[in-house]
Amino acid sequence: MSSPLIEITAKKNSSEAIVEPFYLNLGPQHPSTHGVLRLVLELDGETILRCDPVVGYLHRGVEKLAENLNYNQTIVLSDRLDYIASVANNIVFALAFEKLFNLKVPRRARLLRTIVGEMARISSHLLWLATHALDIGAMTVFLYCFRDRERLLNIFEKICGARLTHSYVRIGGVRLDFTVDIVEDLYKFTEEFPHLITEYETLIDVNRIWLKRTKDIAVVTPEEAINLGLTGPVLRGSGIPYDVRKFRPYDAYDEVEFEVPVGEKGDTYDRYRVRMIEMRQSNKIIRQCLDKLKETEGEPVLAEDSPDLLIPERVREPEPKPHPKRGFIFTGREVSVVPVGEAFASIESPKGELAVYVVSDGSNRPWRLRLRMPSFVHISAIPELTKGHMIADLIAIIGTLDVVLGDCDR
Amino acid sequence: MSLLKKVLLIEILKGLALTLRKLLFDRPVTIQYPEKDKVKPEPGFRGRHALVRDPQSGDTFCIACLRCVKVCPSRCIYIEYEADKEAKKRKITRYDIEALRCVYCGYCEEVCPVNAVVLTEFFEYLGFSRDEVYFDKERLLQNWDEFIATQKRPYLNPFWKPRGIPEKILPIRKRTFTGV
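The listed protein sequences derive, respectively, from chains A and B.
The first sequence begins at 1 in my numbering and counts up one residue at a time.
The second sequence begins at 1 in my numbering and counts up one residue at a time.
Think of the hints as simulated: they come from the structure by calculation, not from any bench.
Hints may be right or wrong, so weigh each one.
Which residues of chain B face chain A? A partial, calculated answer using Cβ under 8 Å [unchecked claim]:
| no. | residue |
| --- | --- |
| 1 | Glu11 |
| 2 | Val103 |
| 3 | Pro162 |
Computed footprint of chain B on chain A; a stretch qualifies when at least three of its residues, placed anywhere within it, have a C-beta under 8 Å from a C-beta of chain B [unchecked claim]:
| no. | region |
| --- | --- |
| 4 | 157–163 |
| 5 | 206–215 |
| 6 | 307–314 |
As the structure is a prediction and not an experimental result, all values here were calculated from the model.
We put the beta carbon where it would ideally sit given N, CA and C, even for glycine.
Please build the complete structure, drawing on both the sequences and the hints.
As structure tokens, then:
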């Protein structure tokens, strides 16, 4: 994109009614843009005529970096994409690579992944609610949400030793099993969490300021939502019950029961309701997975033939049948550790549908890695959604789309 | 919303009642971090790096296999070694970790076949210059001494022998390892 400011200035006199529109740069350093997002606004008074999002301030070139790292090291990069829910990124990377490696993940590992994935969803939605409410003007919800997110982060710290950049998932399973302590903590959390959601709802659900700020703001009809490529809670808020967890179940989602909430009108309030119900459903999923975890006590959490963390370039091929006395004999032939081919995996991340497409040329590192990030698509919908709204509503719209710029710019 | 509810601000009063209840009856969740309260990370927290000091020889366990160098995603470990041909052993002459480049993934401690390197649970190690967070071998061993003084012996890091990983995948030294 060339400089949008120059572009707009050239079109200055195209509209007859407005002689001289006002141009405003919102961001890149603005607290309510949730990161480094720059919006070039064309204003008539306080009404937005045009909005031009400029992204790329947080570009780190993850796709290119991945071409120089082996598959397991690439998962470490994925932590830094959507840093609010990094386990979701870990999972989708691992799923794509497992298709490439032809691995079957043990049941316990799949359950553990489902649990951490849903924990990430809750923690992401809590942060979304906190910042969204803060943007609109409700300070107390912000504090309560962070209080409860802290508990989840503490559990994450127990699980994998890190609070934000987990790198918990690896190809073929997960890196560590849960301890009894963690399971107890999670049981306690899932028991208390529905009451905590009720607490937030007491504060804002029927609050007249909240309703005024969210009802009928950025209405997306189902057709528009599909045309704009929206996914996740934003799409479901418009009434389309599309959820990857239901349509193409990965991990252990085919074993658990949960509902996919949908909105009616497709406005900001509906999307808020969808996310609140989703948190309750996630809570239910964690609960069910914890119950199932007891059945798989003592099973390994890593597939037997999964590659080492340090994936070798080439391995020596063993004889098809083991020798009766000497075990496997290695023939001299060297084969590549990954078959040549391509794989695609997509999951329902807290932000929307997150997909990875990977091409392998037989070496231990991806030849090409392509990421489909929900935030990028959602930001591209901002011009459509903001048309005719006030500046103050723009802040609510950025909030309701739940964009993370690390996710968008990758 | 009926007129009575509208006039009496019922929902706002409910919200205020909730915050008042929290104010009066709940314990504060804020911790006065550096002054009063200490934060203790959970076991297995990936913090400052250290090289494990062998209690017998007083030196590191490292055999210079360079697995940590190869697995490091940010390539922040530098090793130089000299080979002793008679004993068929390698001895490290340099082991540097550049903590500013490290991403704290913990892959190095997981792939190390002799559990020589560890990310300790110590996390308060800011420095005013790059040199203060550039750990050479002496500094890494010193980190270990500082850390192990606060721990119960024998110490076993969860990443040295990950829970639930099938044992035959692990190197032989790790299978029987019970702690330092």
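| In ascending order, which of the hints set out earlier in this document are inconsistent with the structure? | none
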